[in-house]
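Visitor: Going down the list, the protein sequences come from chains X and D.
Reading the first sequence from the start, the letters are residues 481 to 1049 in our numbering.
Reading the second sequence from the start, the letters are residues 3 to 136 in our numbering.
Bear in mind the hints are in silico, worked out from the structure with no lab data behind them.
Mixed in with the good hints, there may be bad ones.
[Claimed, not checked] Sample of chain X residues at the chain D side, in silico, Cβ under 10 Å:
(1) Glu734
(2) Asn779
(3) Asp780
(4) Glu783
(5) Val826
(6) Ala938
(7) Glu975
(8) Thr976
[What the hints assert, rightly or not] A few chain D residues that don't get close to chain X, going by computed Cβ distances all over 10 Å:
(9) Leu17
(10) Thr121
(11) Glu122
(12) Val132
Glycine included, C-beta positions come from ideal geometry on N, C-alpha and C.
The chain contents come next:
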Amino acid sequence: MKSEKEIGEADGSADKGLRQRWEEEYLRPSLWRMPESREKFSTVSLRPIERVYTGVDDGRGDESFAERIGYPGMPPYTRGIHPTGYRGKLWTMRQFAGFGSAFDTNQRFRYLLAHGQTGLSTAFDLPTLMGYDADHPLSEGEVGKCGVAISSREDMEVLFDGIPLDKVTTSMTINAPASMIFAFFLAAAERRGIGIAALGGTLQNDILKEYIAQKEWIYPPRPAMRLVVDTFKFCAREMPKWNSISISGYHIREAGATAAQELAFTLRDGIEYVEHGIRAGLAVDQFAPRLSFFFNAHNDFFEEIAKYRAARRIWYRVMRERFGATDPRSWQLRFHAQTAGVSLTVQQPINNIVRVSLQALAAVLGGAQSLHCDGYDEALALPTERAALIALRTQQIIAHETGVTNTVDPVGGSWFLEKLTDDIEEETWEYFRKIDAMGGMIEAIEAGFPQREIQESAYQYQRAVERGEKTIVGVNDFRLEDDNLGEPNILQIDETVARLQEERLARLRRNRDNSAVTRSLDALKRGALDPAVNTMPLLIDCAHADCTLGEMCDALRPVFGEYQEPDFF
Amino acid sequence: MTEPKIRVLLAKPGLDGHDRGVKVIARALRDAGMEVIYTGLRQTPEQIATAALQEDVQIVGLSILSGAHMTIFPRVLELMREKGLDDVLLFGGGIIPEDDIPSLKSRGVSEIFLPGTSTEAIVDWIREHVKTSE
């Protein structure tokens, strides 16, 4: 850690006022909480590197500009939310993983942790994402294919067996049945004697983007929002380290949105969640610090960096001006990034390693708090162990070899980047005005507005590719007749996973106390009818009573109804 | 006399909700002058085969990205044959490993288009393989 004298050694230039304020009010407390990882930072040639460059000290930039974008960790957070960037703490390397049975995925988790991964992220299969048990007729052919099959608390216990849940943070990509899966997780932790207040991690829990883009829903938007708000209330009271939601642009982007549309629809979803939380009686600063975001890391390098910087600036203004939040933690947009699955090519798949590296670098230069790199084989199937390891190594190479972590926000001040940041911000505000005029995000979704905007962008992009205006290496240019870069060995999930899951469920149903199951499901139904009751504790009771995921979701169908997508095509 | 329009049914079977691809294809086929009926998400093989019969289409396209293709394609074909739709072609696209394609074709799937295929190539293939004159 630097001495106070060193920290106080301002450059004596024109921006001293602002710089001094930054050092005293932001940097010093931050260093006290989290010292930097080493005494001195330098390039690979041992040239010393400073913590932050503003351009003001050496006459390259002007003071008013430095003031407008601010210092790192200081409003409006253009340059990141931490005064020391990655010098204090690197992003969390959180590789998304899940396939086959809970046993299979537990093995992959252990493998990733053993190779230096620092957080976990769980991918569930389609039946689980839709709230069906593995033995439901609609699950036929889908069990364990796109992620791990979890139908009960018992499955959840196997999934995290031997993993220190109070030390490793865990993310769960689950939305329509998020509260039920969360209940399994909490019940499993309680049975291992881990107090839920000690748990750190993230529940994706972002139902709005399901209607917009990913399309894994159960209930209609309004009752679904009740479940989300119940988790906000529950987490605000019981789980100070847990992110109750990860408001996600990733899927919106994958569905075809532009960078600005990704930002606009995601942040406007965020506004909708905050409004619903406040309407349900929470004070904004009670739950806003635990809202987190999730963005795509796509191909266009500078546009992506600009997107993340604009996101922080917009969210700061939204929280402060629109909602009157006073806790700085409510103002700070924290995000996870994942490289763009949609950009991966089946052709010459090894090239995907290069794409992923560049996308991940953009996320890091944009100040991501956590990151997933896609496996190079993911245009073909879920990643093999080898592909997952290379993806993790990609993060480690960026973190430890490139030097981009040595100074905070190394790209800030680039004329091109700052202009892109301003433009993306302006386009986002314009979308906010349109959606506000429609009455809000739920109304916009019901009118099919974001869905149509995304569809149109997807089509226009495809046309640009086909006209040759956008080049995809190996696809519409630089093709190989004989693709000797080779098709990798891919991960195969066979139907034995489904048979095994069916047997496990049959055993669970035979051995459990069925009167306790009925009792807890009845209590859940009654509670759901009364908006003043929080469904979370009732769901945890169901999880302890060995109710299955399908049973819990089905119990609420008659109360909440089921969503039917309007025809937008 | 103008040629009758080719009638195409596009469907998303299984639980997979990724519909970017199918919607781009639907629009491209429509822009190429075909009649396109899109079923929407999460259709069972039974619903798809029934729609193919009711809509009197000459060709059915399935979009599937979930890995359930080996279960779903043969099932849709079987049901189409049961309904007497012997002349109706079935094609597909999505995340389908190359190794699975020969097996799908041997079971009656006419063509599989992998990611990166241009919509133009799909339009051309349909025009070439669907007989529009009765």
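Visitor: Take the hints in turn and mark each one as holding or not.
Guide: Status of each hint after checking the structure:
no.	hint	in the structure
1	Glu734	holds, 7 Å
2	Asn779	violated, 15 Å
3	Asp780	violated, 18 Å
4	Glu783	violated, 20 Å
5	Val826	holds, 5 Å
6	Ala938	holds, 5 Å
7	Glu975	holds, 8 Å
8	Thr976	violated, 14 Å
9	Leu17	violated, 4 Å
10	Thr121	violated, 6 Å
11	Glu122	violated, 6 Å
12	Val132	holds, 21 Å
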